[in-house]
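Chains as they are written, first to last, in this note's numbering: chain A, 101 to 466; chain B, 101 to 466; chain C, 101 to 466; chain D, 101 to 466.
Because the hints were derived from the structure by calculation, they are not lab data. The beta carbon of each residue, even a glycine, is placed where N, CA and C say it ideally should be. Be aware that a few hints might be false.
Stated by the list, open to error - As a list, the in silico DSBU-like pairs of lysine-lysine whose alpha-carbon atoms are at most 35 Å apart:
#1 A:Lys270 with B:Lys417
#2 D:Lys247 with B:Lys246
#3 B:Lys417 with C:Lys247
#4 C:Lys246 with D:Lys247
#5 B:Lys417 with A:Lys246
#6 B:Lys247 with D:Lys417
#7 A:Lys303 with A:Lys186
#8 C:Lys186 with B:Lys172
#9 A:Lys417 with A:Lys407
#10 A:Lys172 with D:Lys417
#11 B:Lys246 with C:Lys270
#12 C:Lys186 with B:Lys186
#13 B:Lys417 with C:Lys172
#14 B:Lys246 with D:Lys246
#15 A:Lys246 with C:Lys247
#16 D:Lys246 with C:Lys270
#17 C:Lys186 with C:Lys303
#18 C:Lys291 with C:Lys186
#19 D:Lys247 with B:Lys247
What the hints assert, rightly or not - Facing chain B, according to a computed beta carbon distance under 8 Å, are these residues of chain C, among others:
#20 Phe114
#21 Val125
#22 Cys180
#23 Lys212
#24 Asp218
#25 Gly223
#26 Cys285
What the hints assert, rightly or not - Which chain D residues stay away from chain B? Per the calculated CB distances, all over 12 Å, these:
#27 His142
#28 Asn277
#29 Glu423
#30 Leu452
Number of protein chains: 4
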Amino acid sequence: MKNTFGNSVSITLFGESHGDAIGVVLDGIAPGITIDGDFIAHQLFLRRPQGRISTARQEQDSFQIVSGVFNKITTGAPICILLPNKDIKSADYEDVRFLPRPGHADLTAHIKYHGYEDYRGGGHFSGRLTAPLVAAGAIVISALRKKGIAIGTHIKNCAGIQDHAFSDLKNEITLLNESPFPVICEEAGEKMKTAIEAAALEKDSVGGVLETAVIGLPAGVGEPWFDSLESVLSHGLFSIPAIKGVEFGAGFGFAEMRGSEANDPIVWANDGVRTTTNHNGGVNGGISNGMPVIFRCAVKPTPSIAKPQQTVNTGTKEDATLEIRGRHDPAILHRARVVVDSITALVLCDQLALRYGTDWLGGDII
Amino acid sequence: MKNTFGNSVSITLFGESHGDAIGVVLDGIAPGITIDGDFIAHQLFLRRPQGRISTARQEQDSFQIVSGVFNKITTGAPICILLPNKDIKSADYEDVRFLPRPGHADLTAHIKYHGYEDYRGGGHFSGRLTAPLVAAGAIVISALRKKGIAIGTHIKNCAGIQDHAFSDLKNEITLLNESPFPVICEEAGEKMKTAIEAAALEKDSVGGVLETAVIGLPAGVGEPWFDSLESVLSHGLFSIPAIKGVEFGAGFGFAEMRGSEANDPIVWANDGVRTTTNHNGGVNGGISNGMPVIFRCAVKPTPSIAKPQQTVNTGTKEDATLEIRGRHDPAILHRARVVVDSITALVLCDQLALRYGTDWLGGDII
Amino acid sequence: MKNTFGNSVSITLFGESHGDAIGVVLDGIAPGITIDGDFIAHQLFLRRPQGRISTARQEQDSFQIVSGVFNKITTGAPICILLPNKDIKSADYEDVRFLPRPGHADLTAHIKYHGYEDYRGGGHFSGRLTAPLVAAGAIVISALRKKGIAIGTHIKNCAGIQDHAFSDLKNEITLLNESPFPVICEEAGEKMKTAIEAAALEKDSVGGVLETAVIGLPAGVGEPWFDSLESVLSHGLFSIPAIKGVEFGAGFGFAEMRGSEANDPIVWANDGVRTTTNHNGGVNGGISNGMPVIFRCAVKPTPSIAKPQQTVNTGTKEDATLEIRGRHDPAILHRARVVVDSITALVLCDQLALRYGTDWLGGDII
Amino acid sequence: MKNTFGNSVSITLFGESHGDAIGVVLDGIAPGITIDGDFIAHQLFLRRPQGRISTARQEQDSFQIVSGVFNKITTGAPICILLPNKDIKSADYEDVRFLPRPGHADLTAHIKYHGYEDYRGGGHFSGRLTAPLVAAGAIVISALRKKGIAIGTHIKNCAGIQDHAFSDLKNEITLLNESPFPVICEEAGEKMKTAIEAAALEKDSVGGVLETAVIGLPAGVGEPWFDSLESVLSHGLFSIPAIKGVEFGAGFGFAEMRGSEANDPIVWANDGVRTTTNHNGGVNGGISNGMPVIFRCAVKPTPSIAKPQQTVNTGTKEDATLEIRGRHDPAILHRARVVVDSITALVLCDQLALRYGTDWLGGDII
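So here's chain A without its partners, still in its complex pose (with noise of 0.2 Å):
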């Protein structure tokens, strides 16, 4: 389904870098939701370029919804957002448009797509096309806090510096949702910050982690084998661009645990039961158990840099040197996160609502 991703609530993304507008239709949204047009508005603030840590495009991120809410309740029927593109220009794109970037999709949207692709800013391929995915992620956000579940990420390792582990996930999520650049530990934030600078200065990039949480999503949710809550998930994070690695709980670091220390003791609890490690991340056999759900991304460091760079061109099928000029993110991490909360929204609303029915997430007011 390509520019389609989800079941029972699903999400179209279309548009391109240089085009008049972007956008995303959400399908499946439960009838009966207020839609909170300072929260979307929020949201896009989080994604957008902050200040020498970022791009020097600007784009205000207006939108519009154009279907699907009525007196700002949704309806049921798909919801459409555009964004239009204003900020743009794309005559820093004609010089190298036979000069693919490396590490970007230049090159195989060019052999995929037979030279026919829209080059300019690495047109369908632009992070861009992320604004939409949060605008359309801000409806799914509300919808899932009604119901009490909430979704929080930190940077936990930008350039090699670590940020604290999460430890008081309520509270912290809260503030990371907050905060333009979020982290738990303000002087972890502040070395980052001056990294990325320094990266900068250097025409150069850095990559890191982002490590969320989810808290308040019932056990239960998440099928068997193929669409198991890691499957799905997985397989939206690995949709935003950057993003090379994906790790539920213990992650990689199972790889040097015993199973006696990996596994999670359950006990019984008040209200039910629940286990007093999390290791693996609230995910077993690919259903949640309960407790909260934690996974990070790993991002790879923005690969639009200023730094000459080796590269071919594909007109005169010769090596090249590139110099890019454009305006481009030394760090992308901070603007991910809520792209990353997007996504997960997205994913975990269409598990409620085929395991719940379409109308779950509408639930309160109906």
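Put chains B, C and D on the given structure of chain A with help from the hints.
Coordinates of chains B, C and D only, in the frame set by chain A:
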């Protein structure tokens, strides 16, 4: 779709650990592919328990191709493969019916299915169901090989012991595919086995990391955004029990890299373009770039261990201690390897059939 | 998805007429539904050939439930049902291997599968594969009944002879579901049988129309546009061999009606709203309105007839005459009826599970 | 998937009758197809109301291609087309908000969406949404034509008046595709128009039958069982509002035929095989046989009529009388025709892309 996966080429999995039989339906396979029963048996052999480093349950894994093959050649109709369950000791499980094994699907299945699940030996969630996946995988691996696409996996890390890196992919893949304990460095392999046996003696288990390489995949495979090659591969890989992390190319290592290191320089080669490094693991923008596809899977320690563990009694709703007396694996890495290869082959066949049409994989004969 | 159908509740079909076995995987069925083996047998009996008006091939249709059922209750895991093929006379088909039967899939399968198709008895395209559909259908029909939803089909027209119209749906459905030759008017039924026998004597076959009613379906089931109830039902119904037309409510009769006749007046009833007529067959805008769902399927005359027919020899590439000597049905209507009911039940279970969640159908017990 | 349809080539529909805009996302279209804006406008013109036989609502149907097209050529990325709503008179609907129109989706939408639906002008269920379907359809129709595949539809029956049968498909298709009131016999067409005007004068509406022919479709397209060509075409066709019946070839006429009449004799032709008759409408066993694909759609009389009608008041829960004062069509047949062609083209492109790969339709240019 729960137990069905794939679009143009798809797989449907069914069965329980202690039922009469388990099996798989492989649909969408091109007509004209010769079925090599010996190769299916070989692949099943690679998945079977081996000596002291595996469970004592010995299934012969005899298989019956029920449909879709006529005169030993695929017809284009769905291929059902059945594997009877023979060496069943259900009594092992009756005692522990109400005692969910930590780290396993027992508890989540119990919650999700309201107590109606087949609890014997993990039921539908048993690792035993990877046997039909491997049988189906053998068919798709064969089909890919005829098109020059080969897949190989080694144990990159077992109990903290590292194998050598890939250095000579073509030959290493050939050797790995013959070996029941797939490592590049035999010495590292011996140390790993020693570590597994040590864990077994202590009634414990170990985890590790599998690393997979795919060579010969054409550039241009995979779709933008939601059906990126990383998305569809990870979707399949996270379906495999015990896999808790997936990373492509440098993966989580990207966190410590600069963009200038991470980007793979592009050069003109005799027959097209290539990159001089492969930090992106053969995938840019979700689309294969013609370089080897490289990914790693984190495998958690087998949750079934003989050590006493803390759990609950779901009948009496009290805390309890569990001592598992069934037959279990102190390590699953060497057996999971062929499951990873099988799922990888399935996903690639699906993507290739979508890109080049339903007959493409049968093309040599037709 | 070719041989898989449905989203939340799905079915995967496999097998060939002359293979070892045929079967089906029914996935997504709620846990906690009691399986009634006698009812499955009863439904298979309704599908089996009957006396002079059917083929002489007599399959006992013994079935084996391989998975997904534990202690006679569904577990929530996929249910695989196998039916062995026993009364096989493949020799009947070797003579005519290169002589595609007019009106059958022989020629199109030969073209599509490049000669690799299993040509014996129609292979994967054989009407025999409706037996596993009926076995799976029995389970979903049972599940619907417990929720007060009943399906019944009668032979509306056989060889031009008309049955009475539905007039007392609830009782008629009960009677039809017990009858091997389902008609409302016994006298019309006798005339139909006479017409079938007359055609058989002339080595010919007859067609007709099946009419189906569904009662008890809640209003609000079905989706706007592409998953309208009519869309998903017709998708399933046209999968049944020999069905060449589907119409809802007045169907093609609407062509001669005015809007003022066609529109069903809406009135307030004790327990909600209803319409005083039902020309729309219980569906408006693709969504059930709470009235009985009524549709008709056109069934073409069985294409396998004993009369000499003009065809080609695909081996010699010459024109040829075909005389079919196998065992065939002069009419398929009375046997196809239970297939229609089964597919209808599958589609409705899928829609209901999507709307109300995966546990809804198991709700009585849970 | 509700508002998304198709696999390899798919369409996502959004919008409401009285919202800002309606639109469609067409995904999976091969790169390299030239977009002919005039042809899109022509197709939209064919769908627009015409004179006295149509509604007075006059939408200019200006359209904006938002994405997926670069320098007037498809890029391979999803194509979003927007159509603004301009000639809106929502006040027409406020009076009748609580009075569901008989035969329409008003009542079922009200039940399904719990009163949150956009009730103005039918909201998301409005026939107005077929405009974006037609815009997207124009692109896929163009793509098919370049591969030699042509689609044409005539009004076979309007208000009981019959058009001539197809006799010279290639020329008739060309002529029909230019005509705003598509009939083969002009005299019949005049009678039909007279009947429509007569109904309009009586504040009523008429129904009819559309007959479609597809020529040039290769043999071997369509899948066994659940994705039979009839299944996927009918799935799409029944998505079109007012279509209540679909039949292929002889369709319901098979009921009165013997097998010996119904079977199409196969003969050897210069370039392969063909049948001497085409009662099966070009499809056997769900797969195209190379003959023209012929099907008919029953179109019910437009439910919006000006005559007083019996309905309920969903606010007061009392019986009520409805007099619709909006602008409506006394017949929809001539406008629905191009929607049928569009959906048919979409389904065929999806099937062809699945069979021959994602680039196949762009093949001429690439």
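Outcome of the hint check:
no.	hint	in the structure
1	A:Lys270 with B:Lys417	28 Å, holds
2	D:Lys247 with B:Lys246	31 Å, holds
3	B:Lys417 with C:Lys247	32 Å, holds
4	C:Lys246 with D:Lys247	52 Å, violated
5	B:Lys417 with A:Lys246	31 Å, holds
6	B:Lys247 with D:Lys417	67 Å, violated
7	A:Lys303 with A:Lys186	26 Å, holds
8	C:Lys186 with B:Lys172	21 Å, holds
9	A:Lys417 with A:Lys407	22 Å, holds
10	A:Lys172 with D:Lys417	26 Å, holds
11	B:Lys246 with C:Lys270	59 Å, violated
12	C:Lys186 with B:Lys186	24 Å, holds
13	B:Lys417 with C:Lys172	26 Å, holds
14	B:Lys246 with D:Lys246	33 Å, holds
15	A:Lys246 with C:Lys247	31 Å, holds
16	D:Lys246 with C:Lys270	54 Å, violated
17	C:Lys186 with C:Lys303	26 Å, holds
18	C:Lys291 with C:Lys186	33 Å, holds
19	D:Lys247 with B:Lys247	28 Å, holds
20	Phe114	4 Å, holds
21	Val125	5 Å, holds
22	Cys180	4 Å, holds
23	Lys212	7 Å, holds
24	Asp218	4 Å, holds
25	Gly223	7 Å, holds
26	Cys285	41 Å, violated
27	His142	31 Å, holds
28	Asn277	29 Å, holds
29	Glu423	48 Å, holds
30	Leu452	9 Å, violated
Violation of the numbered hints given earlier is confined to hints 4, 6, 11, 16, 26 and 30; the remaining hints are satisfied by the structure.
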